[in-house]
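Trainee: Okay, here's what each chain looks like letter by letter:
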Amino acid sequence: MPNRLIVFLKVLVHIACLAPVMWLAWKFWQASTTVPDALGADPIAAVTFFTGKGTLRLLVTSLAITPVRRLIPKLSWLIRFRRMLGLYAFFYACLHLLTYVWLYSNFSLSAMINDITRRRFITAGLTAWMLLVPLVLTSTTWSIRKLGGKRWQALHRLAYVSAIAGVVHYWWGVKSGVRTPLTITLVLGVLLLARPVLTYLFKTTRSRQVKAQPAQL
Amino acid sequence: GTKLDTVKSPLSTTGEDLTPYQYITNYNNFYEFGVEKGDPAKNAGRMQTRPWTVTVEGLVKKPKTFDIDTLLKLRPQEERVYRLRCVEAWSMVIPWVGYSLSEFIKECEPLGNAKFVQFLTLADRKQMPGLSQSSINWPYSEGLRMDEAMNPLTLLCFGLYGETLPNQDGAPVRIVVPWKYGFKSAKSIVKVRFVEKQPHTAWNDQASNEYGFYSNVNPNVDHPRWSQKYERRIGEPVFKQRRATLMFNGYGDQVASLYNGMDLRKYY
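Order-wise, the sequence lines are chains W and C. The letter at position 132 of the first sequence is residue 132 when you use this note's numbering, and the numbering goes up by one with no holes. The letter at position 256 of the second sequence is residue 256 when you use this note's numbering, and the numbering goes up by one with no holes.
Because the hints were derived from the structure by calculation, they are not lab data. The beta-carbon is built from N, C-alpha and C at its ideal position, and this holds for glycine as well. There may be inaccurate statements among the hints.
To be verified - To list a few chain C residues with every Cβ distance to chain W over 10 Å, as calculated:
id : residue
1  : VAL7
2  : VAL35
3  : ASN43
4  : PRO51
5  : GLU109
6  : ALA114
7  : ARG125
8  : SER134
9  : ILE136
10 : VAL195
11 : PRO224
12 : ILE234
13 : VAL238
14 : GLN241
15 : ASP263
What the hints assert, rightly or not - Restraint-style ranges between C-beta atoms, simulated for each label pair:
id : chain 1 : residue 1 : chain 2 : residue 2 : range
16 : C       : ASP205    : W       : LEU109    : 33 to 43 Å
17 : W       : LEU98     : C       : TYR267    : 32 to 42 Å
18 : C       : HIS200    : W       : ARG179    : 16 to 26 Å
19 : C       : GLU36     : W       : MET1      : 32 to 42 Å
20 : W       : ARG179    : C       : LYS106    : 42 to 52 Å
21 : C       : TYR267    : W       : ALA154    : 35 to 45 Å
22 : C       : ASP222    : W       : GLY149    : 18 to 28 Å
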């Protein structure tokens, strides 16, 4: 993959991640001034779902890169997009958190403490956000060198834990009987299983090749 | 909808701006037509509301079936503006059309041992694509204690904004109980049953810790997943939406006495 193409694709990813936020900001501005229905009947709920679903989609996309690379070695260059997607996932997560702090809680600290201690879906969501913080702080190349590849990788497995907490937060947040979080849950499940399954498959194909020789003799 | 001739009612709420028609008819919880707020407006069109009958059974002098056109003409149609507070912490102000449920109950001639009244919604897979989308115990069932049902505020509702109800709002006939969370007000009713014991209700079956039988609007009792202290008034600009939720949705003068001596934390 030539470098210039990578740069071009990166610009596209930036646009794909930022354009929805700009659209949302514009619609939100309208909804707070002249066009109350710019984001539908319940703009605060709309912003919440928009940023929340965006976070999970970006997080899951970033987690898809490693399995895809292992399955299709030709796509190895995808690794150059992983950090970017992870950081955008955090950016969306911050907007989602801001929605809660500002639009739902009106910056009331007592209301938020009450929520965090008593409502498990809020606790799960906050956990998911907090788990991303160390990953963002160690997202620089300098950090990878400083920590060493193995330790850095171990730390960044937290991304999976964060995604799980995020999906749990989604299920606990919707009404019982509502199945909208199912798709993202299945995708995450497949990605979580993909790692051990791929490792196992690669091992067995290699050992089979070794065993195949005496059988042919 | 078809225009309805209405008279003003002294029980109408004053001093509130009405929520525009487009929101009342496009932002609905009516799970028989899907779980998303926009689904009912999209899918309810295929529901046939004529012919329509309401069957009355259980503890009554004798079971009866009312045709919808008979019900429409049973009493003068009144315009009643009520606040509607959804358990999800949003609210609207809606000019309903109907008459007090008590007028209908008198026609049903319930027996002395009838302590509760249960309402059942149509549940027809051919007309309601949402039935297979969620695990709710269909048909949708709701209920009121007899004295709640007889309170003059409780409305047997046929319309809004001076016209017959759009399907997504519960055509052709529904209940409106303005001091309770919205889900207590059963829509598209086909059966009314008078019973001695508290009837099972759909959302209570689904998650009893979240949706109690009484479900009176109460800012002091949190929903397990959010506070009920504030609500978002639909149709207002974002930063004007937030307002304090009132005890009994502001109808305490008329209904608080129904719950004298009851612990409303326990009977949420």
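Trainee: Out of the numbered hints, which ones does the structure contradict?
Mentor: The structure breaks hints 2, 8, 9, 11, 12, 13, 14, 21 and 22; every other hint is satisfied.
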